[in-house]
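Could you build the full structure based on these sequences and the hints that come with them?
Residues per chain are reported as follows:
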Amino acid sequence: MSVFPYLVAAWLLLVGCFGVVRSRDLVHTVVCVAVAQSGTYVLLLSVGYQKGASAPVQGAPGPVVDPVVQALTLTDIVVSATVTALLLALVIQIAKREDTVDADKLDELRG
Amino acid sequence: MTRQVRWVVFWLGAAGFGVLAVLAMIRMPGFGSLVHPYRDLAVPLANARSTPNVVSALNFDQRALDTLIEETILLGSVVGAAALLRPSDHEREHLATEEGRTLEATRLLGYLLLPMTLMVGIDVVVHGHLTPGGGFQGGVVLATGVHLLYVAGSYRTLQKLRPLAWYRLAEALGAGAFVVLGLLGLLVAGGFLVNFLPYGTSGDLFSSGTVVLLNIAVGIEVASGVIVLLAQFLAQALTVQEIR
Amino acid sequence: MDPAWLPPLGIAVPLLGSCVLLAVARFAPRVVTDVIAIATALISTAAMAGLLVATTSNRVVTWAGGWTPTQNLTVGIVLQADQIGAGFALLACVLTVCALIYTWRYFEDAGAHVPVLILLFMAGMTGFSLTADLFNLFVFLELMGATAYALTGHKIEEPRSVQGGFTFGVVTSLGAYFMLAGIGILYARTGRLGMPQIGSALDGHGMDALVLLAMVLVLTGLLVKAAIVPFHFWLADAHAVAPTPVCVLFSGVMAPLGIYGTMRVTTTVFGGVLPPSTLHHTLVLLGVVTAVLGAVLSLIQRHLKRMLAYSTIAHLGLFLVGMATLTANGVAGSVVYVLGHAGVKGALFLLVGALLARKGNVDEISLYRQGTNDGLTRWLFPLAALALAGLPPFGTGLGKAISEEATGSPWLIGTFVLVSAATGGAVLRASLRIHFGLGPQPYEADRDTTSGDDEKPEGRFPHRTPATMLTAILVLLTGGLLVGVLPVISRIIGDGAQRFLDRQGFIEQTLYSYEPVRLAELSHVEWNWAAVLLGLLSVLLAVAIALIGVFRGVPQWLDKPLHVVHRLHSGHVGDYVAWLVLGIAALAALFSLS
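Protein chains in written order, with the numbering used here: chain A, 2 to 112; chain B, 57 to 300; chain C, 99 to 692.
Just so you know, not all the hints are guaranteed correct.
As the list claims (entries may be wrong) - Residues from chain A shown here face chain C by an in silico Cβ test under 7 Å; the list is partial:
#, residue
1, Val21
2, Val22
3, Val36
4, Ala37
5, Ser39
6, Leu44
7, Leu46
8, Val48
9, Gln51
10, Val84
11, Leu88
12, Leu89
13, Arg98
14, Glu99
15, Leu110
What the hints assert, rightly or not - Using C-beta positions, here's what the derived DEER-type ranges look like:
#, chain 1, residue 1, chain 2, residue 2, range
16, A, Asp103, C, Val583, 51 to 61 Å
17, C, Ala642, B, Trp63, 35 to 45 Å
18, C, Ala144, B, Thr158, 51 to 61 Å
19, C, Gly302, B, Val61, 37 to 47 Å
20, A, Asp103, B, Pro100, 50 to 60 Å
21, B, Asp96, C, Thr576, 50 to 60 Å
22, A, Ser55, B, Thr158, 34 to 44 Å
23, C, Asp306, A, Val9, 18 to 28 Å
24, B, Arg212, C, Ala137, 37 to 47 Å
25, B, Val236, C, Val130, 13 to 23 Å
26, B, Val61, C, Ser690, 24 to 34 Å
27, C, Leu617, B, Val236, 37 to 47 Å
Treat the hints as calculated values from the structure; they're not laboratory data.
Positions of the beta carbon are idealized from the N, C-alpha and C atoms, including for glycine.
Here it is as structure tokens:
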């Protein structure tokens, strides 16, 4: 089925959100956000693939795969790493102030 | 909301999203298709500017503004993490004198691999326009290479050989160099981030115009930024303690 | 100087300034870092003002990297500025200057983290308003997001700050990743990343399930930023805990940029495949629900910053309704409303910040009668509350009235009047209690809502409100007034609104450099008798609501439904993400059914 990679990408996005919704541990939540993002990597890279084409570095004969989506994915990875770092820094501070990382037990902000 | 209500809300949304995603994805162009119009424009232009690595040409020449902002996001996140992980009023940094033991084998491998990793990192950064790699990838290799000092040695060794003030300065200079190169393009060639240096012959180290310089600037910035970022996390784990 | 240089300068100057700041922060005295930060913001303001002047004659189109189209084929990133985009960029720079003045010498901050983050945030906002490339839009959205998460959680000693920052971070990031998925799908369908190129490639092929999914995903990221129901949950938490000058930036320009982005993307990228009536009905429905929910929630808050945050949500709903009319008057009215609201809401946040500084508390009930000896702020607070409700001649009143007239529907006009009266009345009620001691001692309400006690002060402050704080408050409030009073501003925005909706001109000028058609004179973006009467009506209703709130309180029979509404806004990140997913499905359903 030639649209299978795209369905995998949509599945990863959904599964990441599923993890965030049912998570009991904030570090797990952050990792689930990263999982959701890896769905976008799969989507972008699958869009760019061409059967029988080689890497977009000169010297390889013949057609090359789409380098644009590879550039976009590189940007995406950097963004993901940095956002994950920020969210983990916030989790460290939450753990120190509230002595818990269970999302169900955090109730400072209500209403 | 209780867990049950949260479940119901989520499943309703997931069902709708799932149905739409399936209906939509079957209309996507097939995996491995031949039609990529942007690629057909980008690859010849990259070759014309003597940049064999087309991804680098896209990142640092054709869509350089995206890369500028992307490295700015890295800069902002490192500063943000430093702000969030700063020792609070009731904390101070104090390193315990008792540190664990490292195995002799680990120590040997670490000290052997450290110079090799740094060499590989510098190679990846500097040859970013010729081979797969570039500033971001090489910068991360360099940053994690430096932390072999922690894995193979001790935190004290890392602290002695990793003067953070220099890395903070290097990060600011790396990011600033990217912006300055862009502004130079504005002054010299009338456009921000224009590739205004001579393109040279393909395959040379000094070819493809500003792509080399931008790669090096980004490499410095990413390496220093990731070192500073990891330093904050390591400090939180190892040295920051509450004042009792 | 070529005006095409100005958009990149607007992005490059704050970046350069923050690099310089980072390099010198550790060994320069505090005064030097503050001066560098404010100087950078002022230079950017000058550049954006110049850009706004340049856009009055023509759109300013810049191809970054010098990659102008050859034979109508493009590989580069295009930046496009019309009066609306330049106006938003200028607003971002002006508010940043005010925020930096407010933090002058009063933020405990080694290493200059906060000014650097604020300058990078300003670069993100400026770039977001000026770009016409979808992936570039996503990257600027992420820059705004990353710096905003760190700024929100900055007060790390307070548990609720880091919690609010975390939920803000997770929800907005997920929204942005959905947006990136949508961009990937559009790239697969059209092979392009720029808005004009995608727009022309999609033209004439109709909307199938794939384009619908892409549109819904891209709009998700933007609507999360714009805090439209059901993506709005993060805003109140973030505003309740972020440092005061940061709240000014969030409410004043960051969230309205989400509305701007939504309209820009739907009109240019999907303008050829999405029937205007579908877009109109869907956005009006979302806007009305957001406005009403925000108004109701702001009335039942005791934490002053949360009250202001929910009133921002309500106003964002009103902005969306005005823009959704897809008429030049509606867009112009909304933009004037945004500008006026930025000044007034910013002043209100700074006034609450002054209260926090001097009394250590932002709880309406605990502060009862605590403010009766305040000097100038005692009178500025109720004035700002009335301005929020739409007091003529403030910009809020003008913008509201023009949007109301553009909707042309008595139900929507009534919604505008009631929502603005409700939010203004809530703030006025708080002021009457705090500064004038009206009404009986309010009792300890139920524990449903966050109270404003246990807030830590944000710096060391003397007994009087410092001059820098007062200056910033007066500048913002006067700005909100001038927007409504100076006819040149409304004229520029009126022309800009026409250009904003001119999709054909946008595509032709960015891709083929055609000269734009002369626009007709847009009259009616000015005060008239109907506008004045509508404004006064909202103000009277606000006063009535405030007095009822002070003397009678909430009726008993409303307790149960309000309790449910409170429980929905629980502060739990899992709840917010569940609503995010449901919102995506609901958005798709709304678009396909309209």
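Evaluation of the provided hints:
{"no.": "1", "hint": "Val21", "result": "5 Å, holds"}
{"no.": "2", "hint": "Val22", "result": "5 Å, holds"}
{"no.": "3", "hint": "Val36", "result": "10 Å, violated"}
{"no.": "4", "hint": "Ala37", "result": "6 Å, holds"}
{"no.": "5", "hint": "Ser39", "result": "10 Å, violated"}
{"no.": "6", "hint": "Leu44", "result": "5 Å, holds"}
{"no.": "7", "hint": "Leu46", "result": "9 Å, violated"}
{"no.": "8", "hint": "Val48", "result": "4 Å, holds"}
{"no.": "9", "hint": "Gln51", "result": "13 Å, violated"}
{"no.": "10", "hint": "Val84", "result": "5 Å, holds"}
{"no.": "11", "hint": "Leu88", "result": "5 Å, holds"}
{"no.": "12", "hint": "Leu89", "result": "10 Å, violated"}
{"no.": "13", "hint": "Arg98", "result": "4 Å, holds"}
{"no.": "14", "hint": "Glu99", "result": "5 Å, holds"}
{"no.": "15", "hint": "Leu110", "result": "4 Å, holds"}
{"no.": "16", "hint": "A:Asp103 / C:Val583: 51 to 61 Å", "result": "53 Å, holds"}
{"no.": "17", "hint": "C:Ala642 / B:Trp63: 35 to 45 Å", "result": "43 Å, holds"}
{"no.": "18", "hint": "C:Ala144 / B:Thr158: 51 to 61 Å", "result": "57 Å, holds"}
{"no.": "19", "hint": "C:Gly302 / B:Val61: 37 to 47 Å", "result": "45 Å, holds"}
{"no.": "20", "hint": "A:Asp103 / B:Pro100: 50 to 60 Å", "result": "56 Å, holds"}
{"no.": "21", "hint": "B:Asp96 / C:Thr576: 50 to 60 Å", "result": "55 Å, holds"}
{"no.": "22", "hint": "A:Ser55 / B:Thr158: 34 to 44 Å", "result": "43 Å, holds"}
{"no.": "23", "hint": "C:Asp306 / A:Val9: 18 to 28 Å", "result": "21 Å, holds"}
{"no.": "24", "hint": "B:Arg212 / C:Ala137: 37 to 47 Å", "result": "41 Å, holds"}
{"no.": "25", "hint": "B:Val236 / C:Val130: 13 to 23 Å", "result": "21 Å, holds"}
{"no.": "26", "hint": "B:Val61 / C:Ser690: 24 to 34 Å", "result": "26 Å, holds"}
{"no.": "27", "hint": "C:Leu617 / B:Val236: 37 to 47 Å", "result": "39 Å, holds"}
The structure does not agree with the numbered hints 3, 5, 7, 9 and 12 stated previously, though it agrees with the rest.
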